[in-house]
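2 protein chains.
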Amino acid sequence: MEPTDRTRIRRGRHRAVADRSDLLALLDDALVAHLGVVVGDHPVVLPTAFAVDADGPDEGGTLYVHGSVAARWLHESAGATVCVTVTELDGLVAGRSTFHHSMNYRSAVVIGRARVVEEPAERQHALDLIVDHMIPGRAATLRPSTRKELAATAVLAVPLTEASMKARAGGPVDEPADVAAGVWGGHVPVRRVIDAPVPANDNPAGLDVPPDVRSRAS
Amino acid sequence: MEPTDRTRIRRGRHRAVADRSDLLALLDDALVAHLGVVVGDHPVVLPTAFAVDADGPDEGGTLYVHGSVAARWLHESAGATVCVTVTELDGLVAGRSTFHHSMNYRSAVVIGRARVVEEPAERQHALDLIVDHMIPGRAATLRPSTRKELAATAVLAVPLTEASMKARAGGPVDEPADVAAGVWGGHVPVRRVIDAPVPANDNPAGLDVPPDVRSRAS
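Protein sequence lines correspond, in order, to chains A and B.
No gaps in the numbering here: position 191 of the first sequence is 191 in UniProt numbering, and each next residue is one more.
No gaps in the numbering here: position 201 of the second sequence is 201 in UniProt numbering, and each next residue is one more.
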């Protein structure tokens, strides 16, 4: 993770996180990425499932983004520079003034040239990683994808070389006069909860929830 | 919310949501937006606080995005077309095959020409909306912003005319053969929880958590 001119944190340098393990931990924790591509003359930002292969074929490791072969953004982004941003909201910061209201969060911005994954074996590998990112251990319990399924699925690979991370945690930082005025300040933690699995209606009677799915609950 | 060529859902039409009240409900529920701008020759996607004024000065209502006057993306996006995407993850869908794994979510994509809010009164109004979006009722309990604070804060306004929404809910839709094979299918609900407020260390002793902050907890 070497910040370049494009990913170097210009604002809020004190919120920049330099440690690659923090970046990978965030990418492991978060479930949705926002992919930005330029379509025609304007940006389009779309939510996508994703996964990381820290030892992937691209320099710095590979971030895989999932899509449909029929999606226009996918074709527009082949070979182009894209931006993948992953954000987790951790809290709301109630400062003593409008100005000092803030959010606690972790956010990673990855900028890189997108490569469409053409090779079926790499595509299957990427899809397995994406499934296991959602539900760790699930991929090994599923049949292999058919050629037709692989052909209908598109995967974009983005190198993890150009990545920056920002994070904020804790309470507000206020003007001394506002603190002295006795306005309450603090923060409200926000977290993601994963509830108990809901079986599909068409499961055979008596089929147990598999351990990988059961372990996903918070 | 009139879909144009740019926001019309091309993929997954069955997941398009046409009702403006659903769009506004998502924008009310979600706390973080991802703003996409073109900086130089590539897209940049950044997480931001935001708020909606359905009766705002822009056609279709106004989506306000918060930033810093010193941020480069802000200057790059003045007058340019930007994309603001708001996504809430509602669940993980465990299909019986890799191909039919999916996510439950609600996502809105707003594309429009960004206007930098110059007028101090509109800027204060937008900041009040952003604070109240985080903690409803909080803005009225705070002192007015100073001229210096308003000058240091930048707000971008994006019209809500070009907006599209997609949503997915429920369990997997699988191949009959995979269902018959007895693989467990279902989904795992995901939701956001807001925990009890954490007072700042420098609050005066005995200062109660105000009702607006207390009500924010789930």
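It should be emphasised that the hints constitute simulated quantities derived from the structure, not laboratory data.
Honestly, I wouldn't trust all of these hints.
Put simply, identical chains are the same to the list, so a pair is met inside one copy or across any two.
[To be verified] In silico SDA-like pairs for lysine to any residue, Cα to Cα no more than 20 Å straight-line: (1) K148 / A54; (2) K148 / V32; (3) K148 / H100; (4) K166 / P210; (5) K148 / A80; (6) K148 / L26; (7) K166 / V32; (8) K166 / L207; (9) K148 / A196; (10) K166 / V193; (11) K166 / G79; (12) K166 / D19; (13) K166 / R147.
Verification of the supplied hints:
In this homomeric assembly, K148 and A54 never come within 20 Å of each other (Cα to Cα): the closest approach is 28 Å inside a single copy and 45 Å across copies. Taking the shortest Cα distances, K148 and V32 never come within 20 Å of each other, neither inside one copy (26 Å) nor across copies (37 Å). In this homomeric assembly, K148 and H100 come within 20 Å of each other (Cα to Cα) only across copies, at 13 Å, whereas the closest approach inside a single copy is 53 Å. With identical chains, the CA atoms of K166 and P210 are never at most 20 Å apart, being 36 Å at best within one copy and 30 Å at best between copies.
In this assembly of identical chains, the alpha carbons of K148 and A80 never lie at most 20 Å apart, being 27 Å within a copy and 41 Å across copies at closest. Taking CA atoms no more than 20 Å apart as the test, K148 paired with L26 passes in neither setting, with 33 Å inside one copy and 35 Å between copies. For the identical chains of this complex, K166 and V32 are neighbours both inside a copy (17 Å) and across copies (15 Å), given an alpha-carbon limit of 20 Å. Taking the shortest Cα distances, K166 and L207 never come within 20 Å of each other, neither inside one copy (44 Å) nor across copies (32 Å).
When the C-alpha separation of K148 and A196 is checked against a cutoff of 20 Å, the pair qualifies neither within a copy, at 33 Å, nor between copies, at 49 Å. In this assembly of identical chains, the alpha carbons of K166 and V193 never lie at most 20 Å apart, being 23 Å within a copy and 22 Å across copies at closest. Taking CA atoms no more than 20 Å apart as the test, K166 paired with G79 passes in neither setting, with 27 Å inside one copy and 27 Å between copies. Proximity of K166 and D19 under a CA criterion of 20 Å is satisfied intra-copy only: 11 Å inside one chain copy versus 35 Å between copies.
For the identical chains of this complex, K166 and R147 are neighbours neither inside a copy (40 Å) nor across copies (28 Å), given an alpha-carbon limit of 20 Å.
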